[in-house]
Amino acid sequence: MDTDRLPGCYRHPERDTGIRCVRCDRPICPECMISASVGFQCPECVREGSGTGRRPAPHAPRTLAGGAVAADPRLVTKILIGINVVLFLVAQAVPGLPVRLELLGRYVEYYGAPLEGVSTGEYHRLLTSVFLHTEWWHLIGNMIGLWVLGGPLEAALGRGRYLAVYLLSGLGGSALVYLLTAPNTATLGASGAIFGLLGATAVLARRMRYEMRPVIIMVALMLALTFVRIGGMSVSWQAHVGGLVTGALVTLGLLARGSGRKRVLVQWGSCVAVFLLAVLLIAVRTADLAALG
Numbered sequence: 007m008d009t010d011r012l013p014g015c016y017r018h019p020e021r022d023t024g025i026r027c028v029r030c031d032r033p034i035c036p037e038c039m040i041s042a043s044v045g046f047q048c049p050e051c052v053r054e055g056s057g058t059g060r061r062p063a064p065h066a067p068r069t070l071a072g073g074a075v076a077a078d079p080r081l082v083t084k085i086l087i088g089i090n091v092v093l094f095l096v097a098q099a100v101p102g103l104p105v106r107l108e109l110l111g112r113y114v115e116y117y118g119a120p121l122e123g124v125s126t127g128e129y130h131r132l133l134t135s136v137f138l139h140t141e142w143w144h145l146i147g148n149m150i151g152l153w154v155l156g157g158p159l160e161a162a163l164g165r166g167r168y169l170a171v172y173l174l175s176g177l178g179g180s181a182l183v184y185l186l187t188a189p190n191t192a193t194l195g196a197s198g199a200i201f202g203l204l205g206a207t208a209v210l211a212r213r214m215r216y217e218m219r220p221v222i223i224m225v226a227l228m229l230a231l232t233f234v235r236i237g238g239m240s241v242s243w244q245a246h247v248g249g250l251v252t253g254a255l256v257t258l259g260l261l262a263r264g265s266g267r268k269r270v271l272v273q274w275g276s277c278v279a280v281f282l283l284a285v286l287l288i289a290v291r292t293a294d295l296a297a298l299g
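Residue numbers (the working numbering): 7 to 299.
A hint or two may mislead.
[Claimed, not checked] Label-pair distances were calculated between CB atoms; the ranges are: (1) Leu169 <-> Trp243: 35 to 41 Å; (2) Gly166 <-> Gly127: 41 to 47 Å; (3) Ile222 <-> Trp274: 27 to 33 Å; (4) Glu50 <-> Lys84: 36 to 42 Å; (5) Trp143 <-> Val28: 46 to 52 Å; (6) Ile146 <-> Arg219: 24 to 30 Å; (7) Ile150 <-> Arg267: 36 to 42 Å; (8) Arg106 <-> Met218: 39 to 45 Å; (9) Pro19 <-> Thr126: 56 to 62 Å; (10) Ile150 <-> Leu121: 51 to 57 Å; (11) Ala289 <-> Ile150: 31 to 37 Å; (12) Val285 <-> Thr140: 23 to 29 Å; (13) Val272 <-> Pro19: 30 to 36 Å; (14) Val91 <-> Leu271: 32 to 38 Å.
Keep in mind that the hints were calculated from the coordinates and are not lab data. The beta carbon of each residue, even a glycine, is placed where N, CA and C say it ideally should be.
Model the full assembly from the supplied sequences, consistent with the hints where possible.
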């Protein structure tokens, strides 16, 4: 018998968990956790009330990060996949669209044309590039990663917090690409955001005291593949590293312990801090390119 294994949730025995109800001490998974003033309670204890003979006011189940438990825990993931697929099809049908949306720091389309790129004020490229793919295999690979990593994270964090991780990871990856690559190097794809979900998964697994070796191996393999050329195309390690670090930092803040307004303040304060860090990197690079004339 493996004595190091965590117990299974009393309602979902197949789900290992390190969290217990503060009242009855039964193990509970993120889906069954209901945030209390101190720690978490199971659904049965919440329904039973505090022992005063009165039923408590209705309590909506909360995720591990304090978000509302949704009926469809993969809704945001499905929407993100849909956006990526639609934009891929539109990009195939509209010539020149990728050039207007991909991440480029500073370039001239032809001699005598005006300067274009993020450094000229086209800051939308930092996020539009995250939803853009021009090769079907690139799209399929990223969408598989989004489905596999995104679903469990959305269920554990809640829709709003999960979306914050995804978007900030994409922005963080783009910011590092903008900072460290040649200004005329085009970059696109959801890889930075996907690596952000990978970083978030590692933090969540650590918080839940899951076995970390599979997660560490997955991170190592995906980082190793970052430096492999696929189909003659090089992969942006800057987007992968930037997304990975951003996703981990944001999730550390979202999984901060505590309850009530203080916890919410720490969570969204962490998101704002990471966003401002990305803005700082973008501002530094913009100033650097502007000095070149």
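Next item on the list: May I ask you to test the hint 32 to 38 Å on the CB atoms belonging to Val91 and Leu271?
Entry: 37 Å, holds
Notebook entry, point to check: That 39 to 45 Å hint for Arg106 and Met218 (C-beta), does it hold up?
Noted result: Given a distance of about 42 Å, which is inside 39 to 45 Å, the answer is holds.
Next item on the list: Using the Cβ atoms, figure out if Leu169 sits within 35 to 41 Å of Trp243.
Entry: 25 Å, violated
Margin query: The hint says 27 to 33 Å between Ile222 and Trp274; measuring C-beta to C-beta, is that right?
Written below: At roughly 29 Å between Cβ atoms, Trp274 and Ile222 fall inside 27 to 33 Å, so the hint holds.
Check: Would you say the C-beta atoms of Gly166 and Gly127 sit inside 41 to 47 Å of each other?
Finding: Violated: the Cβ-Cβ distance is about 29 Å, outside 41 to 47 Å.
Next item on the list: Take a look at whether the Cβ-Cβ distance between Glu50 and Lys84 falls inside 36 to 42 Å.
Entry: Violated, since Glu50 and Lys84 (Cβ atoms, about 31 Å apart) do not stay within the stated range.
Note to self: Please check whether Ala289 and Ile150 have a Cβ separation lying inside 31 to 37 Å.
What the structure shows: Given a distance of about 35 Å, which is inside 31 to 37 Å, the answer is holds.
Check: Should the hint that Trp143 and Val28 are 46 to 52 Å apart at their CB atoms be regarded as holding?
Finding: For Val28 against Trp143, whose Cβ atoms are near 49 Å apart, the range 46 to 52 Å holds.
Item checked: Consistency of beta-carbon spacing, Arg219 to Ile146, with hint 24 to 30 Å -> 28 Å, holds
Checklist line | Assessment of proposed distance window 51 to 57 Å (beta carbons of Ile150, Leu121) | finding: 37 Å, violated
Check: Between Val285 and Thr140, does the beta-carbon spacing fit 23 to 29 Å?
Finding: 28 Å, holds
Notebook entry, point to check: Is 56 to 62 Å a correct range for the gap between the Cβ atoms of Pro19 and Thr126?
Noted result: 57 Å, holds
In summary, the numbered hints that this structure violates are 1, 2, 4, 10.
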